[in-house]
Amino acid sequence: MNIKRAKEEIQHTIKAYLKKDEFGNYKIPPIHQRPLLLIGPPGIGKTAIMEQIAKECKIGLVSYTITHHTRQSAIGLPFIEEKEFGGKKYHVTEYTMSEIIASIYEKIEETGLKEGILFLDEINCVSETLAPTMLQFLQGKMFGNHKVPEGFVIVSAGNPPEYNRSVREFDIVTLDRIRKMEIEEDYQVFKEYGYKQGIHDSILSYLELKKENFYRIETTVDGKSFVTARGWEDLSRMMYLYEEMDIAIDEELIYQYLQHRKTAKDFCAYYELYKKYKTEYKIGELLDGKEPVEVSEKLTKSTFDEKISVVNLLIGKLTESFKETEQTDWFVSSLYEKLQLIKGILLKEEDIELPEGMDTAIFEESPAAVIDLIIEKTEEEYKHAKKAGVLSKEEEKIKLRVIKMLEKYVYAMKEAGSTSGEEAMDVIRPLFGEEAGKRESIIEMAGNQLKIA
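Using this note's numbering, read the sequence shown as starting at 1298 and increasing by one per residue.
Since the hints were derived computationally from the structure, they do not count as laboratory data. A couple of the hints might just be wrong.
[Stated by the list, open to error] Derived DSS-like pairs (lysine-lysine); straight-line CA-CA distance at most 27 angstroms: (1) Lys1493 - Lys1508; (2) Lys1352 - Lys1324; (3) Lys1595 - Lys1411; (4) Lys1701 - Lys1735; (5) Lys1683 - Lys1696; (6) Lys1735 - Lys1640; (7) Lys1316 - Lys1683; (8) Lys1488 - Lys1562; (9) Lys1316 - Lys1438; (10) Lys1748 - Lys1493; (11) Lys1680 - Lys1620; (12) Lys1694 - Lys1684; (13) Lys1316 - Lys1493; (14) Lys1674 - Lys1635; (15) Lys1680 - Lys1640; (16) Lys1352 - Lys1690; (17) Lys1559 - Lys1684; (18) Lys1614 - Lys1411; (19) Lys1301 - Lys1507; (20) Lys1355 - Lys1595; (21) Lys1604 - Lys1507; (22) Lys1444 - Lys1507; (23) Lys1694 - Lys1640; (24) Lys1488 - Lys1614; (25) Lys1508 - Lys1562; (26) Lys1301 - Lys1316; (27) Lys1748 - Lys1620; (28) Lys1595 - Lys1614.
Let the hints inform the model, and build the full structure from the sequences given.
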């Protein structure tokens, strides 16, 4: 299966494992919740989807690379305990809590999230001394004498033997207690992900022409050469920053991410062409409805590869516009939600529902103090969600924009000397109207660009 299907399967499994009956007990008892094992080549996104799933499901994530652990850190350190059996006292060996189990409890304490994912990477590369411990863990969900807390689903990952010489094959006894998913690289899935995440247009355009260069691992006399999905995504981030800072992007930079010399050289040559096409075909002007005659003539005479590149440039520009439209709409909707609460408090509306932690004493506060309290509450929610790791980058930006806009409203109210709820709303309404107007303009522009394209 591909990484997209694996992500969906894990999400469905988590929902099933965490489903409770009318008495609050898990419908599938934790002891019968089979751990999931993802086996696939490096760099295709196994670790990345864990972070995405935790954010989307609003649950905790504790992640460990198991090869970094010794038997002592995994099961805990031994100590002598005195116990009584049959009227006689004996000294027995006990173990401190496993570092891994302790980190789950710490995560619960920090975030308040009692359900989550325990993700163990490179599980099939454990040392010989740790192998029996991992078998016990997969069979009984225990490290030493300590169980994984109920509500945490175990997901593990590893590479096939051909990619890692340290791999230890699991026996049938272990495999019979887990759910194994074999994952393969898939360019179409990466392409879909790339458009959503804003992977650099030049990368998506290049891979559309050279799909065979999306994922490569080769062994030569000089060692291993490879290109992975992770490499393309990380290169994309750096390219955006280099372009922003006006720093040249050359083959040596590209090779640091795409460690396959032929692919790095080929992509570098394509990137130079990409920049040339972007300038010559005036993509922004084309989508604004302007179509210079020379551009139309040039496109008619261009090669097939060049036409594909121009189409991808248009798609990239449209994707950028759609993303801006989505984020602006999200921001204005989130701001409107806060303003509905502010309006209800300032105008003392009877049907207003106050957030948890706020009481009716807020009705006696000044307009500026009311918004200050709501800003404080919003900041607390933001910090808690960020600490819990359940916010996407887009959500973080939206929440910070809302806080900044509310602060702007407070400043405007103080400047206007607003003392009553009505006066405060008279200041806020036109300011919010400006944001709503910007949203309409952006939506209209994106719609026009789509029609022209």
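The hints, checked one at a time:
1. Lys1493 - Lys1508: 19 angstroms, holds
2. Lys1352 - Lys1324: 24 angstroms, holds
3. Lys1595 - Lys1411: 61 angstroms, violated
4. Lys1701 - Lys1735: At roughly 17 angstroms apart (the allowed maximum being 27 angstroms), Lys1735 and Lys1701 satisfy the hint.
5. Lys1683 - Lys1696: 11 angstroms, holds
6. Lys1735 - Lys1640: Cα-Cα ~22 angstroms, so holds.
7. Lys1316 - Lys1683: 25 angstroms, holds
8. Lys1488 - Lys1562: 21 angstroms, holds
9. Lys1316 - Lys1438: Since the Cα atoms of Lys1316 and Lys1438 sit roughly 19 angstroms apart, the hinted pair holds (cutoff 27 angstroms).
10. Lys1748 - Lys1493: Holds, at roughly 21 angstroms.
11. Lys1680 - Lys1620: Holds. Lys1680 to Lys1620 sits at ~25 angstroms (cutoff 27 angstroms).
12. Lys1694 - Lys1684: Holds. Lys1694 to Lys1684 sits at ~15 angstroms (cutoff 27 angstroms).
13. Lys1316 - Lys1493: Violated, at roughly 30 angstroms.
14. Lys1674 - Lys1635: Satisfied, since the Cα-Cα distance of roughly 11 angstroms is no more than 27 angstroms.
15. Lys1680 - Lys1640: With a Cα-Cα distance of about 25 angstroms, the restraint between Lys1680 and Lys1640 holds, given a limit of 27 angstroms.
16. Lys1352 - Lys1690: 10 angstroms, holds
17. Lys1559 - Lys1684: 42 angstroms, violated
18. Lys1614 - Lys1411: Distance ~42 angstroms between Lys1614 and Lys1411 Cα, so the pair is violated.
19. Lys1301 - Lys1507: 21 angstroms, holds
20. Lys1355 - Lys1595: The hint is violated at about 51 angstroms.
21. Lys1604 - Lys1507: 15 angstroms, holds
22. Lys1444 - Lys1507: 49 angstroms, violated
23. Lys1694 - Lys1640: 24 angstroms, holds
24. Lys1488 - Lys1614: Distance ~15 angstroms between Lys1488 and Lys1614 Cα, so the pair holds.
25. Lys1508 - Lys1562: Given pair Lys1508, Lys1562 holds - Cα atoms ~16 angstroms apart, limit 27 angstroms.
26. Lys1301 - Lys1316: With a Cα-Cα distance of about 23 angstroms, the restraint between Lys1301 and Lys1316 holds, given a limit of 27 angstroms.
27. Lys1748 - Lys1620: 17 angstroms, holds
28. Lys1595 - Lys1614: 20 angstroms, holds
When held up to the earlier numbered hints, the structure conflicts with 3, 13, 17, 18, 20, 22 and fits the remainder.
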